[in-house]
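*Asks:* Put together the whole structure using the sequences plus the hints.
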Amino acid sequence: MAAFIKAVNAKIRSNPTTNYLCSTHFWGPASNFGIPIAAVMDTQKSPELISGQMTGALTIYSATFMRYALAVQPKNYLLFLCHFVNEGAQLTQGYRWMQYHKWGGKEEAAKQQAASGVKAVVGKVEAEAGKLAEKAKDVVGK
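Our numbering numbers the first residue of the sequence shown as 1 and each following residue consecutively.
The hints are simulated quantities; they were obtained by calculation from the structure and are not laboratory data. There could be a bad hint or two in this list.
[To be verified] Derived lysine-lysine pairs resembling DSSO-like cross-links, with alpha carbons at most 30 angstroms apart: (1) K119 / K131; (2) K106 / K135; (3) K124 / K137; (4) K106 / K124; (5) K102 / K45; (6) K6 / K119; (7) K45 / K106; (8) K124 / K102; (9) K111 / K124; (10) K135 / K124; (11) K45 / K131; (12) K106 / K11; (13) K106 / K119; (14) K131 / K106; (15) K45 / K135.
[Said to hold, decoys possible] Now the in silico label distances, taken between C-beta atoms and shown as ranges: (16) Q44 / G130: 14 to 20 angstroms; (17) L21 / T43: 28 to 34 angstroms; (18) A71 / K111: 32 to 38 angstroms; (19) K124 / A63: 47 to 53 angstroms; (20) F4 / T24: 40 to 46 angstroms; (21) T92 / V122: 35 to 41 angstroms; (22) M41 / A63: 18 to 24 angstroms; (23) G88 / T18: 27 to 33 angstroms; (24) H101 / A129: 38 to 44 angstroms; (25) Y61 / K11: 34 to 40 angstroms.
All values reported here derive from a predicted model rather than from experimental measurement. Every residue gets a Cβ at the ideal spot worked out from N, C-alpha and C, and that includes glycine.
*Replies:* Next up, the structure:
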């Protein structure tokens, strides 16, 4: 059995493509891509859900490991790409967090919500007034 495993391993390592696909240089970044995918998906959510501390930590983490991916031998371009995407997503999230919590985005959202609430109430009142006007015409007409 050991000889069989040794032969399969030799076969895998002799082909550069299968050698790469069976290495940590491929599977490390592949499994790590969950972080930037989640970060990109989170850009569609409300900014009040963003954690400023976690975004800051992930920004520093990605910047550090982008450098690491190019410092190791052989250079791991897939890991670099993973952290590059994550860095961009985290910087976007950080901007959204600053915009919402520090630069007046929360107040602007509250104003917009209040304005839309007022418009909805005005619409309901106008509809009821129209119904009452029709009833009044019917009563006066009889």
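*Asks:* Enumerate the violated hints, using their earlier numbering and listing them in ascending order.
*Replies:* 2, 6, 8, 11, 12, 14, 15, 16, 18 and 20
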